[in-house]
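Please put together the full structure from these sequences, using the hints given.
As you go down the protein sequences, you meet chains A and B in turn.
No gaps in the numbering here: position 84 of the first sequence is 84 in the working numbering, and each next residue is one more.
In the working numbering, each number is its position in the second sequence, counted from 1, plus 165.
Rather than coming from a laboratory, the hints here were simulated on the basis of the structure.
Just so you know, even glycine gets a beta-carbon here, dropped at the ideal spot from N, CA and C.
Take these hints with a grain of salt, some might be off.
[Stated by the list, open to error] Derived contacts from chain B toward chain A, CB cut-off under 7 Å, selection only: (1) 181; (2) 212; (3) 238; (4) 276; (5) 305; (6) 322; (7) 338.
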Amino acid sequence: METTNTNTDFEVRSLDANSVNESRLTHKWYHNIKYMIVGLAFGIVFVKAEIISWFRIQEMFRLQSFHMYGVIGSAVVVGIISVWLIKKLKIKTIYGEAITFHPRTFNKGQLYGGLLFGLGWAITGACPGPLYAQIGSGAYVIIVTLLSAVAGTWVYGYIKEKLPH
Amino acid sequence: MSIIDWIKHPWPWYVAGPLIGLTVPVLLIIGNKSFGISSSLRHLCAACIPANIPFFKYDWKKEIWNLFFVLGITVGAVIAANLLADPEPVKINARLASDLAGYGITDYSGMVPKQLFNWQNLLSVKGVLLMVLGGFMVGFGTRYAGGCTSGHSIMGLSTLQWPSLVATCCFMAGGFIMSNLILPLILSL
Chain A
1 METTNTNTDF
11 EVRSLDANSV
21 NESRLTHKWY
31 HNIKYMIVGL
41 AFGIVFVKAE
51 IISWFRIQEM
61 FRLQSFHMYG
71 VIGSAVVVGI
81 ISVWLIKKLK
91 IKTIYGEAIT
101 FHPRTFNKGQ
111 LYGGLLFGLG
121 WAITGACPGP
131 LYAQIGSGAY
141 VIIVTLLSAV
151 AGTWVYGYIK
161 EKLPH
Chain B
166 MSIIDWIKHP
176 WPWYVAGPLI
186 GLTVPVLLII
196 GNKSFGISSS
206 LRHLCAACIP
216 ANIPFFKYDW
226 KKEIWNLFFV
236 LGITVGAVIA
246 ANLLADPEPV
256 KINARLASDL
266 AGYGITDYSG
276 MVPKQLFNWQ
286 NLLSVKGVLL
296 MVLGGFMVGF
306 GTRYAGGCTS
316 GHSIMGLSTL
326 QWPSLVATCC
336 FMAGGFIMSN
346 LILPLILSL
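Structure (structure tokens):
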């Protein structure tokens, strides 16, 4: 099983041994509807700002448009200010819990995995979120790409211990 | 111009970017969740094909919010593409258009070029490289890197984590290499 030291997953930190601050509140399943509503708004932004467009991704990597740089850059600025405010004002969740942040350590996966993902991003015109949105926007063949991404994740899990980290 | 007309036009970056950035505090405040989408792929593996692999042996039901989130993204895209569609044709950079025309790509009407990403092309080498290999690299690479554009580039940078900056630079480097050096070879197939 995984331990704190071998955990290299930035996003799924709450699954791993160091998640001592993890929420112990349990909620009925319908509390998850609120995440679906946030996702719904997010999906609309994805399509309307053409962030899931293969053409916009090509323009980004060919330096032919500022659009995607503006989107990511302004998102990061808003994110930094928000996180700073949450820490500064000690804002709590709607359930009254303290909001927790989890520092990550560097490992070689961020280099090798990052490069591999970058290559895939420019081929498909999609990171994982946009894959779902491309399907929703009517490009049903992208279901194949999504299943292939699930397969890629599975193969990573299968050979994880043999990879340099 | 009415509001609905404005909404139907493609949204500028200074509207979309801040809205995406706001996802970070919203998810934190409504349930202490760190923004990150690629982990949904891991949860799908854990839920459907864990195969006794340690990486997938965890209680995925505790992370089910993430699957509700991506379901929302899918439904949101359905709404935007059907009810809020822009009646105007998509505008793309003139140099990109002339490059793509050289490969026979002239239809910009979808979010992905329909002349490349379609069911028939799954039977060609080009189509397999674009749809199958491309997807595989997205799934393998994001998990190897421990996050994707949302987990590293947005959430990681928002919390000022330098490993996320390293990952983001590698995402961009991979993208530049593919788009400028390798993709032209694939499209020539």
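Original post:
If you take the shortest Cβ to Cβ gap from residue 212 of chain B to chain A, is it below 7 Å?
Top reply: violated (10 Å)
**OP:** Return the status of the interface hint for residue 338 of chain B: holds when the least beta-carbon distance to chain A is below 7 Å, violated otherwise.
**Re:** holds (6 Å)
Subject >> Hinted contact residue 305 of chain B with chain A - closest CB pair below 7 Å >> reply: Since chain A brings a Cβ to about 4 Å from residue 305 of chain B, closer than 7 Å, the hint holds.
Original post:
If you take the shortest Cβ to Cβ gap from residue 181 of chain B to chain A, is it below 7 Å?
Top reply: holds (3 Å)
**OP:** Could you check if residue 276 of chain B really has its C-beta closer than 7 Å to a C-beta on chain A?
**Re:** With Cβ-Cβ at 5 Å, under 7 Å, it holds.
**OP:** Double-check residue 238 of chain B for me: the hint is only fine if its C-beta lies closer than 7 Å to a C-beta in chain A.
**Re:** It holds, given that the least Cβ distance between residue 238 of chain B and chain A is near 4 Å, below 7 Å.
Original post:
Does residue 322 of chain B meet its interface restraint, that is, does its C-beta lie within less than 7 Å of any C-beta in chain A?
Top reply: holds (5 Å)
Comparing the model with each earlier hint shows a violation of hint 2 alone; every other hint is respected.
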